[in-house]
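K.L.:
Spelled out, the chains give:
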Amino acid sequence: MFIINCPYCGEREQSEFKAGGEAHIVRPKQPTELSDDEWAEYLFMRKNIKGIQFERWVHTHGCRKWFNVVRDTSNDKIKAVYKMGEKPPTK
Amino acid sequence: MLNYTNAITEEKSYSSLQMKEIKPVMKLVIRGKKREFLSAIGKSLNLLLPTEANTSSRSDKLTALWLSPDEWMIYSNEILNSESNEYETENLLNKNISKTNLGAVTDVTDQFVLINMKGDKIFDLFETGSPFNFNDFRNKKGSVTQTILAKIDVIIHNQNQNEVNLFVRRSFSQHLFSWMNDSASRL
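For the protein sequence lines, the chains are Z and C, in the order given.
Position 89 of the first sequence, counting from 1, maps to 89 under this note's numbering, and the rest follow consecutively.
Position 116 of the second sequence, counting from 1, maps to 116 under this note's numbering, and the rest follow consecutively.
Note that these hints are calculated values from the structure, not bench results.
Watch out, some of these pointers could steer you wrong.
Said to hold, decoys possible - With a straight-line Cα cutoff of 35 angstroms, these simulated DSBU-like cross-link-like pairs (lysine-lysine) come out:
# : chain 1 : residue 1 : chain 2 : residue 2
1 : Z       : 29        : C       : 141
2 : C       : 121       : Z       : 29
3 : Z       : 83        : C       : 20
Said to hold, decoys possible - What follows is a set of in silico ranges between Cβ atoms, one per label pair, in the way DEER data are often shown:
# : chain 1 : residue 1 : chain 2 : residue 2 : range
4 : C       : 14        : Z       : 87        : 35 to 41 angstroms
5 : C       : 129       : Z       : 29        : 46 to 52 angstroms
6 : C       : 5         : Z       : 44        : 45 to 51 angstroms
What the hints assert, rightly or not - One-sided excerpt, in silico: chain Z residues whose CB lies under 10 angstroms from chain C:
#  : residue
7  : 1
8  : 3
9  : 8
10 : 11
11 : 61
12 : 65
13 : 75
14 : 76
15 : 79
Glycine included, each C-beta is placed from N, C-alpha and C at the ideal position.
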């Protein structure tokens, strides 16, 4: 259990949110030209880091908006929260 | 409202807490992003939509609740005529918002049930089943939140000191009401 600071609604409990997996995965420009392996790589393969990870979250039981979270997966500490389309923090 | 059957038929009363359904009340969800959308709403209804998160605004006839940066709920302050499904406000917004492609207007009157709660134990009840921090919320008149109560999505509007309007989806309303009664009986 931890608290997430929704960029639209403010601080809310984690149970109001849903995690949407790794953020900043770019869809290939020409999916038809990819091999099955490359497509599978894009579709299924995730880093699943122990440590600081960039993730997408959605405030399902609140404003229903998607946003990005930088979270330390080993202790659930949230380092940064930023809106969709914004540049990820570099540090 | 034609052929309306009450979702909640009882009116419950406990020491320092009363709960009942209020109907028929018009409820609309409006969505839009453009600045023209906000000004068109303001002009049509004589009501400024709240742009600050978790707040509401009120005119003589209507209340607007902030739900998300591009979504609001408008509901009528007074009980409406139960013989008709036509709402003047909805027709007006359809003409000025939907038809001009500024945004979307959805009638959610029958989708949401409005439970009116009165008394000074409202927030004690909420605290038994919600992860939301009500400490600031309860002291701020007009504040709005969407959160979970007993694992059910609700919209809570702090209308007045010790008076709260709670919106819940109709299919969940009976269950939530029975949970609230169970919880209230133990406060």
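K.L.:
The structure should be examined with respect to each hint, and the outcome stated for every one.
P.N.:
Each hint, compared with the structure:
no.: 1; hint: 29(Z) <-> 141(C); verdict: violated (50 angstroms)
no.: 2; hint: 121(C) <-> 29(Z); verdict: violated (57 angstroms)
no.: 3; hint: 83(Z) <-> 20(C); verdict: violated (39 angstroms)
no.: 4; hint: 14(C) <-> 87(Z): 35 to 41 angstroms; verdict: violated (52 angstroms)
no.: 5; hint: 129(C) <-> 29(Z): 46 to 52 angstroms; verdict: holds (48 angstroms)
no.: 6; hint: 5(C) <-> 44(Z): 45 to 51 angstroms; verdict: holds (48 angstroms)
no.: 7; hint: 1; verdict: holds (8 angstroms)
no.: 8; hint: 3; verdict: holds (9 angstroms)
no.: 9; hint: 8; verdict: holds (6 angstroms)
no.: 10; hint: 11; verdict: holds (7 angstroms)
no.: 11; hint: 61; verdict: holds (5 angstroms)
no.: 12; hint: 65; verdict: holds (6 angstroms)
no.: 13; hint: 75; verdict: violated (20 angstroms)
no.: 14; hint: 76; verdict: violated (15 angstroms)
no.: 15; hint: 79; verdict: violated (22 angstroms)
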